[in-house]
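**Student:** Just need the whole structure built from these sequences, with the hints factored in.
Chains S, P and X are the protein sequences, given in the same order.
Numbered according to my numbering, the first sequence spans residues 11 to 344.
Numbered according to my numbering, the second sequence spans residues -19 to 268.
Numbered according to my numbering, the third sequence spans residues 255 to 510.
No lab work stands behind these hints: they were computed from the structure.
All values reported here derive from a predicted model rather than from experimental measurement.
Incorrect hints may have been included.
[To be verified] Listed next, the in silico SDA-like pairs over lysine to any residue satisfying Cα-Cα at most 25 Å (straight line):
no. : chain 1 : residue 1 : chain 2 : residue 2
1   : X       : 331       : S       : 133
2   : P       : 231       : S       : 163
3   : S       : 217       : S       : 231
4   : X       : 331       : S       : 235
5   : X       : 398       : S       : 206
6   : S       : 217       : P       : 64
7   : S       : 332       : S       : 39
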Amino acid sequence: MAELRKERLDRGVKVRADSIYAVSSMKEIMFLIGPGLALIIVLLVVPLLLTPYWQRVFAITGIYVLLSISFGFLAGYVGLVCLGGAFFVGVGGYISGLLNTVGVPMFLCIPLAMLLGGLFCTVALLPCLPLRGVYFAIVSFVYPLFFARLIPATGWFGGTDGLPGLEVFSNQWGLLYLMVGVILVVIFGISRLVNYEDIGLVFRGVKDNEQAIKASGLNLTWYKAQAVFISAVMGCFGGAYLTHMYGWVGISLFATDFSIMPLAATVVGGVGTIFGPLVGAFLLVPISEALRAFGTLRIVFYAVILVFFVVFWTEGLVDYLKRKYEQFEHWVRV
Amino acid sequence: MELIVYGIVNSVILIMMSVGFALVYGVSRVPNFAHGALFILSGYLTWIFLNRFGLPYILAILLALILITIIGALLYRLIIIRVRGMPVSEIIASFGVGLAILEYLRWSGLRGMTYMLPPFIPGSTNIFGVVIDYQRILIVIGGLGLLAFLWFFTTYTKTGLALKAIAQNERAALALGIDADMAATVAVALGALFAGIAGVFILPKGNIVVEMGYEVLIFAIAVSVCGGLGSWKGAIYASFLIGFAQILTVKYIASHYHFVVALLVIIAVLITRPSGLFGKQKELEERV
Amino acid sequence: MNSDIILHVEKVSKTFGGVKAVDGVSFTLQRGDVLGVIGPNGSGKTTLSNLITGFVEKDSGRVIFNGQDITRWPPHKIADAGLARTFQVMRPYPTLPAYKNIIPPLYSPRARRSARGKLGDRSAVAIDILEEVGFERDARVPYKLAGTLPLGYLKRLELCRCLALQPELIICDEVFSGLSMSEIASMVPLMKKLQDSGITLIMVEHRLRELFKIADRAIVLNFGAKIAEGSPQQIFNDENVKKAYFGGEDNTYVFK
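**Tutor:** Quick look at the structure:
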């Protein structure tokens, strides 16, 4: 009885690429750097092709992309499921807005908001870092809710009205390409950090093997704090960017969307990869924008997609594509 | 006096909202994030049976509760069972289902003042000089009844004991021939039923609105986490803690702080006692 | 205090839900010694090492290491002070080359202070350490994926994680268990080599025959309490030990 079975084989260059003798021809170089190059080109070209409305959507998508990468980094490589994206965005946005109201120019506000916001978020989350899994997810999810209720209740920072009249980007292209640049730096930086730098191994240990890390004389909380700081800086940039895109800061910066969407994007794109969240966010946010006409029904679509990916296609898009790219399949007789 | 009465009512409301969630997690380790959606759905179904089909109130409620229990069982059998053992996936899958239900209801017109359930017994009375409507009294009675049922169920019935066994030591329970999947199905269905009961008792207090679904979910999580995930007794204590904290804030600070205080309590409890007030997880983990 | 005493454990106790896992155990260890900790299953050996290294909080008692009171220190600080430990259950990064598993400990402040840590290239240092314990560089063993290594190599990998810290004392939790005879045979000289290089060892063990090839002295635990202490011969002749550990029967087979 001859039965057919699907066999998967690594492509030649992939087998060799794991070793030092990887590259032997231009074709193989292209195979290895092709995906990265394609990403750079797409990100650089796409804004040119869009209408002004979709350019703004692109910019907002960028913020979600950054949040998704920071979520994917924390969840997939450090083991902290952090649903505090809205917290990072809100803190970054408010710091940038407050600095701007006291006369600091915008191009200084954004880096300051990243630095101070990153520090603030890290210090605020510091007591929660020993928490694990679901507990950390819940507490980090509660933080933005807390601030979103605290600000209107106390009337600080403009209360419910927020801070209007802030400086905005004078140039649409500057707005777009700042985001493109930041995304490229972040995606390649983080992927290098976790895959090629030694510190990436420490982070992975923090995720998979707490005990060994402690027994290695490393302070778990210190490394978690570093990872949270990296993520928070990315989120705070998103917040500051949004602030100066609209020239306004309000409690909508603490919106739950910023916390949930990165989770969805990571699930769709693939958990445990850095490019997965990026792909996921670039798919989901524009789709959600395109479905705006359907009102809240789009969230139903969304939820269905999410459940589908989590339950029936856990691999995620990026891992699927990666497999197709790096291996070929054929049917063999058994 | 007013403080105590309203504090108790508020706490019992929290208990009703959260006990189903805590029970499901305690027995099957499934965080059922569709809890809030089931809560709203039961109210909505009751409203449909009552107003569209013109059924008597009590029949409408019963039908809605039966349906919600079946939905809970299906939710486990069709969706959650496929991602068992992966907590994050379980959360996302159940939250996704809840989200779909809630947003579908919103889209199909569930907003504003249109959807209202009548109170079981209209009017109000006077207890220790505090004016209180009958519905709130019924909530307290219902909540206590629910707890009594839960206690009876897990102490005296075979299914309840099986659930308890699984909660305490899954492997040993499996070795004794308890079907873990069946037990988890029962647990999720029971959790759905509790959410449904909470819905039909609490919703007549106001309108059926989608936001309430999210709020119920957040409170259920908050209470269960504070009490120690998996311990429904802890959830009861935590309900009283948060319930009274809220009433006290409304009385002495300002009403718009009441959510802030609830969140503050959660953060504070989790930071000082990472496994909740009555959680045992931490010690277990340390032993390994 | 005598400066030759490296570790002094004084009446440490731990109760888990009413069960006394470790009950008032005390002992003292000279620098350069090898101490065996033996006892039947569930006698509290692993808990004792968890207590000393801070992975489990002590209910009572004191631990003094190198003249410092480390009783309430967190695990990473204890490791950083030079008291390293191996784990019975090892979990390396299965999809990474073996040498990459040694990189995280090279990040510790202690390793960075040492001469080796200053070299900069952590991968090179990691491979050197692996070679010292028998990962043949020529056969490219350090580059093999950790998930594909046999148990004997994994146990050594775990030892290397400790060695990367340049420790003064290593608590080895069951390094021999689960190994084949030939793997054990190659492990014994390795432990001797560690001892010769000046590292003090505590060997928590089941396998008495191999243990007494290395250890000068042992303590015996039963139900969390120390029931005997002394040289292999003393322990072998101790009535309590015979009763508790060997069931009171003729026990010569254990030492064969």
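**Student:** Decide, hint by hint, whether the structure agrees.
**Tutor:** We went through each hint and held it up to the structure:
Pair hint residue 331 of chain X plus residue 133 of chain S holds up; C-alpha atoms about 22 Å apart against a cutoff of 25 Å. Taking the CA atoms of residue 231 of chain P and residue 163 of chain S, the gap is near 15 Å; set against the 25 Å cutoff, the hint holds. With a C-alpha separation of about 12 Å, the suggested pair residue 217 of chain S and residue 231 of chain S falls inside the 25 Å cut-off, and the hint holds. Restraint check: the Cα-Cα separation between residue 331 of chain X and residue 235 of chain S comes to about 17 Å, which is no more than 25 Å; the hinted pair holds.
This hinted pair checks out: residue 398 of chain X and residue 206 of chain S have alpha carbons roughly 17 Å apart, not beyond 25 Å. Only pairs whose Cα atoms come within 25 Å are accepted, and residue 217 of chain S paired with residue 64 of chain P is accepted, the gap being roughly 21 Å. Distance check on the hinted pair: residue 332 of chain S and residue 39 of chain S sit about 17 Å apart at the alpha-carbon level, within 25 Å; holds.
Violated hints are absent here; each numbered hint is respected by the structure.
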